[in-house]
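Engineer: Here the structure of chain A is known, so what remains is to put chain B in place on it, guided by the hints.
Line by line, the protein sequences give chains A and B.
So the first sequence is numbered by the working numbering: it starts at 1 and just counts up by one.
So the second sequence is numbered by the working numbering: it starts at 1 and just counts up by one.
Because the hints were derived from the structure by calculation, they are not lab data.
Predicted model, so just to flag it, every value in this text is computed and none were measured.
Glycine included, every Cβ here is placed at the ideal spot set by N, Cα and C.
Please note that the accuracy of each hint is not assured.
Unchecked claim - To spell it out: a stretch of chain A is covered by chain B in this simulated footprint if at least three of its residues, at any positions, have a beta carbon under 8 Å from a beta carbon of chain B; those stretches are:
| id | stretch |
| --- | --- |
| 1 | 177 to 189 |
| 2 | 208 to 216 |
| 3 | 228 to 234 |
| 4 | 240 to 250 |
| 5 | 273 to 285 |
| 6 | 341 to 350 |
| 7 | 360 to 367 |
Unchecked claim - Among the chain B residues that face chain A by a calculated CB cut under 10 Å, a handful are:
| id | residue |
| --- | --- |
| 8 | A218 |
| 9 | G365 |
| 10 | S369 |
2 protein chains.
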Amino acid sequence: MWTELLPIGRSSVSGGYRRHAWTGADVDCRAWFEAQARSRGLGFEVDRNGNQWAWLGDPTAGDAVVTGSHLDSVPDGGAFDGPLGVVSSFAALDELHARKAQPTRPLAIVNFGDEEGARFGLACVGSRLAAGQLTPEKARELVDADGVGLPQAMENAGYDPGAIGPDPERLARIGAFVELHVEQGRSLDLTGDAIGIASSIWPHGRWRFDFHGEANHAGTTRLEDRRDPMLSYADTVLAARREARLAGALATFGKVSVEPNGVNAIASLVRGWLDSRAADQETLDRVVAGIEQAAYERGARDGIDVRVTRESFTPVVEFEHALRDEVAKLLGGVVPVLPTGAGHDAGILSASVPTAMLFVRNPTGVSHSPAETAAEEDCLAGVTALADVLEGLACS
Amino acid sequence: MWTELLPIGRSSVSGGYRRHAWTGADVDCRAWFEAQARSRGLGFEVDRNGNQWAWLGDPTAGDAVVTGSHLDSVPDGGAFDGPLGVVSSFAALDELHARKAQPTRPLAIVNFGDEEGARFGLACVGSRLAAGQLTPEKARELVDADGVGLPQAMENAGYDPGAIGPDPERLARIGAFVELHVEQGRSLDLTGDAIGIASSIWPHGRWRFDFHGEANHAGTTRLEDRRDPMLSYADTVLAARREARLAGALATFGKVSVEPNGVNAIASLVRGWLDSRAADQETLDRVVAGIEQAAYERGARDGIDVRVTRESFTPVVEFEHALRDEVAKLLGGVVPVLPTGAGHDAGILSASVPTAMLFVRNPTGVSHSPAETAAEEDCLAGVTALADVLEGLACS
Chain A
1 MWTELLPIGR SSVSGGYRRH AWTGADVDCR AWFEAQARSR GLGFEVDRNG
51 NQWAWLGDPT AGDAVVTGSH LDSVPDGGAF DGPLGVVSSF AALDELHARK
101 AQPTRPLAIV NFGDEEGARF GLACVGSRLA AGQLTPEKAR ELVDADGVGL
151 PQAMENAGYD PGAIGPDPER LARIGAFVEL HVEQGRSLDL TGDAIGIASS
201 IWPHGRWRFD FHGEANHAGT TRLEDRRDPM LSYADTVLAA RREARLAGAL
251 ATFGKVSVEP NGVNAIASLV RGWLDSRAAD QETLDRVVAG IEQAAYERGA
301 RDGIDVRVTR ESFTPVVEFE HALRDEVAKL LGGVVPVLPT GAGHDAGILS
351 ASVPTAMLFV RNPTGVSHSP AETAAEEDCL AGVTALADVL EGLACS
Chain B
1 MWTELLPIGR SSVSGGYRRH AWTGADVDCR AWFEAQARSR GLGFEVDRNG
51 NQWAWLGDPT AGDAVVTGSH LDSVPDGGAF DGPLGVVSSF AALDELHARK
101 AQPTRPLAIV NFGDEEGARF GLACVGSRLA AGQLTPEKAR ELVDADGVGL
151 PQAMENAGYD PGAIGPDPER LARIGAFVEL HVEQGRSLDL TGDAIGIASS
201 IWPHGRWRFD FHGEANHAGT TRLEDRRDPM LSYADTVLAA RREARLAGAL
251 ATFGKVSVEP NGVNAIASLV RGWLDSRAAD QETLDRVVAG IEQAAYERGA
301 RDGIDVRVTR ESFTPVVEFE HALRDEVAKL LGGVVPVLPT GAGHDAGILS
351 ASVPTAMLFV RNPTGVSHSP AETAAEEDCL AGVTALADVL EGLACS
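For reference, chain A alone in the conformation it holds in the complex (with noise of 0.2 Å):
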């Protein structure tokens, strides 16, 4: 099962997957995600947005226990971050198989559609537009960086983009939500264990600043004559970093797009991502109103108009106690409970569904990296604490 969604949009470059949503590699693995449904005779549907959902039991029966994660990815993510939820969950259901279990509520697992915003910008695209988190009108606007927008790109990949939007019918019939994710810090790796579960999700958000300058000639202007976008742009770099240290964040720009982006002319406009997330929403509002401040107090140095828009942010998430201690008694109560700064869709789901979430070890903490790995019988550990739990939820 593992082996044939391996090479499944892998760059034969860097080793990373670029499984980018409604792609030929995200079509591919929707396929394969269908083929593993119905060679198991589980119930395949695909919702209004695209999710696709593999059903034992009746779907509209209610109270129904659902798992599963996503299949997108980062550019030259790694093989883990989505792709282990759904496959430990196709496993997890033969392991209750193999119990001879016998589900007394609807099991079902879910694929959500691109949860990474790799494509268009927005995470958990998928999740958010069941949840009512995100307006047909809003994603029909999201364009992807060679113009083609979701809707067409839905098309193109054999979807329809009509009829996407708030699914709470659906919702309304899951009991609970429980996605297994690799790890994607050292946490688990450095106390010891195999498998956590989450407490909550860090408030997180993306803000694009841009930096308009004025494009000259690099080998004759003088100095004191230029607009020089990067200048202003490599400070905001510096000054991100700092305001994370000081306020024990996170800060990270790791997107930049220059015009002309030519290496004899100094730029005209400089564009950064800035990726900021924080255990809480007032130290997260101080780093990065600190970032902010740095951009403009150097932009003004540099003769450069500064402006920053916020494109997405998440509020913090509190997973549900009840589930969440439910869950930690099925493992045997000695599961370490810890916080993260990913996101996920379990963290949208939560604001509807009761919702919790298992981590599987990442010994190296890498992620989003061709890097990332996770030692098989850690795995294996998630595989069969996914059972536990499924079971202790849904089985008699």
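Structural biologist: Quick look at chain B alone, frame taken from chain A:
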């Protein structure tokens, strides 16, 4: 003549030009050149390196007086950098015709290919090849951002890449080369002169700085576990400005490429291109060494592997004093003589042929930008000056 050339390769968004070597826009510019030559009954030919020539008189007679410049542009370049020299050359020949001047030496206009190096990263490819300052082997290895090699690009444009290489016979037939160019600084504006003469071209070059770090999740990786190359890059950008300011030189990072360039991924690789120039070799060496030192030091702090590659270099060019003095005399002797930081085909040719340059005032100093401009009366003064020089050098 000018108005026919203006729309070619112009972006409707930025208003800037994208006439990159061997693209459709370049082919259109070349068709314009050929039509201008033929409409005046000039002999038209393309040399082995794809440079275009328009001849008045016998090309093989020797001791020719050649003028001209280039028609290609940087990304979003201005209308004057290059084309002003070519258009003024045709206009100056028209002026000689109107004056009924009788040429005693062959006259020619040249359009050198790929002066800006916007596509393949190396400037003055056409003149470098002709002058033997770039081997055909090296030229054939040049590849653009889409992976298209120079030979393929030439072929796609309808030119034969098989014969590229040094052209000493052709250069030996040239007695003097005079290039007219819009000034790319504000020296003439500050002194209040419409026309100037070049004394020298600063030594200049391009260095690629590769900062190799480790891709990771921007939302979960602790600051102390990161190897973020964006920080080292940012620090080096600021160091470049500092070193240049202290030395009275120029240093610019105007082009960047980032991998994987995702908002929520710490970069694995940031590649920045440094353009640096100074009045003399020793100063330039000191500036670049200072920037490299800063990059290595910061890289060591950030856990970044820094590699610096010199991609191109042009030593100082001191234009021949005899021709320069003669040109000054032909212009009445009160013309300012000024150095420039910009590379030109004239700088390449000066190693093989007596060469001079005329500059036309740039009222804002802005160049390599859609905002580049020159006053119509200054452009007409440039044509008159060039006609005076050609008449003085080549007519009885």
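Engineer: All hints are to be evaluated individually against the structure, with a verdict given for each.
Structural biologist: Structure-based check of all given hints:
With 4 residues carrying a beta carbon less than 8 Å from a beta carbon of chain B, the stretch 177 to 189 of chain A meets the three-residue requirement, and the given coverage holds. Note: the stretch 208 to 216 of chain A has 3 residues with beta-carbon separation from chain B under 8 Å; the three-residue rule is met and the coverage holds. Interface restraint, the stretch 228 to 234 of chain A with chain B: holds (5 residues with C-beta to C-beta distance below 8 Å; minimum three). Interface restraint, the stretch 240 to 250 of chain A with chain B: holds (4 residues with C-beta to C-beta distance below 8 Å; minimum three).
Here's how the stretch 273 to 285 of chain A fares: 3 of its residues keep a CB closer than 8 Å to some CB of chain B, so the rule of at least three is met and the hint holds. Judged by the Cβ-Cβ criterion of 8 Å, the stretch 341 to 350 of chain A is covered by chain B as claimed, because 3 of its residues qualify and three suffice. Counting residues of the stretch 360 to 367 of chain A whose CB lies closer than 8 Å to any CB of chain B gives 3, which reaches the minimum of 3, so the coverage claim holds. Look at B:A218: its Cβ gets to within about 4 Å of chain A, closer than 10 Å, so that hint holds up.
Interface hint at B:G365: satisfied, since its Cβ lies 6 Å from the closest Cβ of chain A, which is below the 10 Å cut-off. Nearest Cβ of chain A to the Cβ of B:S369: about 4 Å, under the 10 Å cut. The hint holds.
In this structure, every one of the numbered hints holds.
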